[in-house]
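**Q** These protein sequences, in sequence, are chains A and B.
Convert by adding 12 to the 1-based position in the first sequence; the result is the number in my numbering.
Convert by adding 12 to the 1-based position in the second sequence; the result is the number in my numbering.
Worth flagging that the hints you see were computed from the coordinates, not collected in a lab.
Some clues are possibly wrong.
Note that identical chains are pooled: a pair holds if it fits in a single copy or bridges any two copies.
What the hints assert, rightly or not - Simulated pairs of lysine to aspartate or glutamate, EDC-like, Cα-Cα distance not exceeding 16 Å:
hint	residue 1	residue 2
1	Lys302	Asp141
2	Lys107	Glu252
3	Lys222	Asp141
4	Lys254	Asp124
5	Lys66	Glu313
6	Lys363	Asp338
7	Lys123	Glu336
8	Lys14	Glu355
9	Lys25	Glu131
10	Lys302	Glu313
11	Lys208	Asp232
12	Lys341	Glu360
13	Lys263	Glu206
14	Lys50	Glu87
15	Lys341	Glu355
16	Lys263	Asp232
17	Lys263	Asp296
18	Lys90	Asp28
2 protein chains.
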Amino acid sequence: MKVFRSPNNPIIKPEDVKPSMYDFEVIGVFNAGVTRFKDEVVLLLRVAERPINKHPDIVLTAIYDVSKGQLIIKEFSKGDPENNFSDPRLIITPKGTYLTSISHLRLARSKDGINFEIEDAPTIRPANDYETFGLEDPRISLIDGTYYINYVGVGHFGVTTCLASTKDFNTFERHGVIFSPDNKDVVLFPERVEGKYYALHRPVSSLFGKQEIWIAESPDLCCWGNHRYLMGPRPNCWDEIKIGASAVPFKIVLGAPYGEQGWLEVYHGVDRNNRYCLGALLLDSQEPWKVIARTEKPIFEPEADYECNGFFGNVVFSCGLLCEDDKLKIYYGAADTVICYAELSLEETIKGLNLFG
Amino acid sequence: MKVFRSPNNPIIKPEDVKPSMYDFEVIGVFNAGVTRFKDEVVLLLRVAERPINKHPDIVLTAIYDVSKGQLIIKEFSKGDPENNFSDPRLIITPKGTYLTSISHLRLARSKDGINFEIEDAPTIRPANDYETFGLEDPRISLIDGTYYINYVGVGHFGVTTCLASTKDFNTFERHGVIFSPDNKDVVLFPERVEGKYYALHRPVSSLFGKQEIWIAESPDLCCWGNHRYLMGPRPNCWDEIKIGASAVPFKIVLGAPYGEQGWLEVYHGVDRNNRYCLGALLLDSQEPWKVIARTEKPIFEPEADYECNGFFGNVVFSCGLLCEDDKLKIYYGAADTVICYAELSLEETIKGLNLFG
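Only chain A is shown next, with the shape it has when bound in the complex:
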C-alpha cells in the first residue's frame, strides 16, 4: 500500500500546545477526532500533560480532584521498590494504578487541513468521577446535523466511554457514560441502519483476556444493547494481540457480488511487540454486524522516525479520517507524541480487502 505522508509531519507537536496550567508541560498531542465544520477541518486533540518535574528521584503526575474541582499533583518516589514504572504510561503502586500524564481534549481548526490554529485552553476537560485520570481518544460522528463526540474517560472506577455533543463547536453538552468499564475504541456510525444507531466497541474480558471488536445498537445513542462479537485478533499476524475500531466508519460504493454499498472501517491492531498498525475492514451496509472482508496486511505501518520513536514508539493510531477526493485523509497519533497526516488511495484500500478475488 502506497502511503503519502505530509512533508509537514508532524503537523502538531507538544510544543505547539499551551499547557492548561502554568507549571505543567505538554508531553503528547495525538489521537485526534476529526470532522469538517463549515469551511474548516476541525480536530479535537488529545493533549497529555504532566507537572514540570525538576527532581530526578520522584515522578509527578496530576489527577482531577472532584471535590476541589481542579487538578492536583501526585508525587511518587522512584526509590520505592513497591512502585512499578516499567510501562511509560502507568504508575503501578500498592495503593492503586495511576497514569503518568493526564489528558484533555482541545480544539484545533484549519483551512487547508495541514496548518492548524490550536485553542489556548482545554475544550473538554476532566469534570467528574469518571474522568479523574483524564479524557482520551475522541471520535467525532456527524449524525443528523449534530456532532457527537465520544471519548474515553479514565477514572478510579475504570476505563469508560462517555458521550458529548455540539452543533457549533462552541458549546458542548455531556450525555454521561455510554459504555461501562472497561470499554474503549468506540465509534458511532454516522447514520441509522433500519432505524437503529450502531457503534463498534472494544470491551475487555478480564477472565478470558480478550480485546476484540464488538458491535452494539441503540435507539438514542445513549443506551446500548444487543452486543455482538464482530471480529478478533489473528494469530501470528500484525493484529495478533488486540484490535479496536479507530476511525468513524463511512459508506463506500462497491460493485456486485458484494452489494451496492458497505461500511469501511479503519481499525488498529497490535502485535506481540506492542507495534500499532492500521488495517481496514468492510461491513455489510444493511447488516453491519456482518464482516464482509478484512485486509490481510496493514494498510499503514509505523516507518517514519516520528512514528518509531517517541513517548511510546512504533505506533500509528487514528481516531478519525476524512474520505474525500477518493482518498483516505488520515489524521493519526504517532508514537503517542505528535499528530501527523497521511493520505491513502481509497481504491488501493478496497483492493487490499481482496473483495474481487
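Here the structure of chain A is known, so what remains is to put chain B in place on it, guided by the hints.
**A** Chain B only, in chain A's frame:
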C-alpha cells in the same frame, strides 16, 4: 441478625436433579432466580454438570459447540505442568481458560416454597457463542406482567449478561446480550422510575481491578446507558474485596426523615478469604442512583455445615427472594453446591441499616 434456616435445608441437592445428558453428573444446583407464578413459587435453578470421569489422571469438562449444536467433552491432563487447576471452578491452560463444569437453567415449582418439583430437562440451555461455557445466576423480575430473566452467559468472548422473557414459564423469548463483557450480577428493577427502567450491574475494570456495583438506565430493558458508579467494597470489612447485586430490589415503606419509600437491595460481598456473605442497602425511591444506607455487618453469613463445606465453601449467595408477611424469604446457593431457604425479619433488616440513628 436472627436467621431462620429451614430444617429441610438443603431444599434442593445435586442428586435431586436429572443430568441433561446420559453420561453426565450434576455437581451443583445453586444460585436460583425466584418469583411467584399463579399459586406456586417458581425457581429457575443454576444446574452445574460435567461428564462422569473415571480416570484419575485427567479432568473432563464440557463446552457447547455452536456449529454442532450440542455439548462436547474436553479433556485436560492433570500431569501437564502448564495446566493450572488451583481454583476448583477453573482450568487455566496456555491455550485458554475453561470452566470445570457447564451450567444451564432449570425450572422448579412448589406450592409450599420448600418442596419443589424439578423439571427433567434444561429450561434454558447454551445456544450461542456467548454461552459456550454455560448459563449462570439467573434473576427474575416481574415487570408489567412479563417475567424478565437475566442471566450470565459465559463464553470464549467473556462474561456477559443476557436477557430472556416469558409470560407463562413455558415459552421463552431471548433478547440478546444486554451488558457486554465482563459484566455480571445484574438485577432489573421491577418497575420504572419516572419512565425509565433501571438495573444494578457489576462491570470489571481490568486496569484498575475493581468489582463494584453500578447503576444504569434504559428505555426498553435491552439497551442500557447513563452508567453510574453506585457503591464499592469497604476496606477491612466483610465486603472488602468485591461486591455485587444479588436479589431483585423491591420497594419498602419507610418513615420520615428518609422519604416515604425506598428500594431495598440484598447484595453480596466477598472478603480476602473468599467468604461470601449477604448485606442490605437502601436506595432512594425516586433517585435510585443515591445510596441512603447500607448495613455495617452482614445480614446473613455462612455458618451451617452445608454453607461452609462443598464445591466452593463459605458461600451464601442469593439471586432472589420473596418479601412476604414482613419477612425476607431468601433462596440461596450454599457452597456453590446446594439450594437452601432462610427467613429474615424485614423489620430487623431495616434496623440493621441504621436509618434512625
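**Q** Each hint needs a verdict: does it hold in this structure or not?
**A** Outcome of the hint check:
Taking identical chains as interchangeable, the C-alpha atoms of lysine 302 and aspartate 141 lie at most 16 Å apart only when they sit on different chains, with a minimum of 15 Å there against 36 Å within one chain. With identical chains, the CA atoms of lysine 107 and glutamate 252 are at most 16 Å apart between copies only, with a shortest distance of 14 Å across copies and 32 Å within one. When the C-alpha separation of lysine 222 and aspartate 141 is checked against a cutoff of 16 Å, the pair qualifies only between copies, where the shortest distance is 14 Å, while the shortest distance within a copy is 26 Å. In the homo-oligomer, the alpha carbons of lysine 254 and aspartate 124 never lie at most 16 Å apart, since the shortest distance is 34 Å inside one protomer and 52 Å across protomers.
When the C-alpha separation of lysine 66 and glutamate 313 is checked against a cutoff of 16 Å, the pair qualifies neither within a copy, at 36 Å, nor between copies, at 53 Å. When the C-alpha separation of lysine 363 and aspartate 338 is checked against a cutoff of 16 Å, the pair qualifies only within one copy, where the shortest distance is 13 Å, while the shortest distance between copies is 70 Å. In this assembly of identical chains, the alpha carbons of lysine 123 and glutamate 336 lie at most 16 Å apart only when taken from the same copy (15 Å versus 69 Å across copies). Taking the closest pair of Cα atoms, lysine 14 and glutamate 355 come within 16 Å of each other only inside a single copy of the chain (9 Å); across copies the shortest separation is 71 Å, beyond that limit.
With identical chains, the CA atoms of lysine 25 and glutamate 131 are at most 16 Å apart within one copy only, with a shortest distance of 14 Å there and 67 Å across copies. Taking the shortest alpha-carbon separations for lysine 302 and glutamate 313, neither the intra-copy value of 26 Å nor the inter-copy value of 48 Å comes in at or below 16 Å. Taking the shortest Cα distances, lysine 208 and aspartate 232 sit within 16 Å of each other both inside one copy (8 Å) and across copies (13 Å). With identical chains, the CA atoms of lysine 341 and glutamate 360 are at most 16 Å apart within one copy only, with a shortest distance of 13 Å there and 66 Å across copies.
With identical chains, the CA atoms of lysine 263 and glutamate 206 are at most 16 Å apart within one copy only, with a shortest distance of 15 Å there and 39 Å across copies. Neither within a single protomer nor between protomers do lysine 50 and glutamate 87 lie at most 16 Å apart by alpha-carbon distance, with minima of 44 Å and 62 Å respectively. Only within a single protomer do lysine 341 and glutamate 355 lie at most 16 Å apart by alpha-carbon distance; the minimum there is 5 Å, versus 66 Å between protomers. When the C-alpha separation of lysine 263 and aspartate 232 is checked against a cutoff of 16 Å, the pair qualifies neither within a copy, at 21 Å, nor between copies, at 29 Å.
Proximity of lysine 263 to aspartate 296 under the C-alpha cut-off of 16 Å is restricted to the intra-copy arrangement: shortest distance 10 Å within a copy versus 46 Å between copies. In this homomeric assembly, lysine 90 and aspartate 28 never come within 16 Å of each other (Cα to Cα): the closest approach is 30 Å inside a single copy and 60 Å across copies.
Violated hints for the displayed structure, listed by number in ascending order: 4, 5, 10, 14, 16 and 18.
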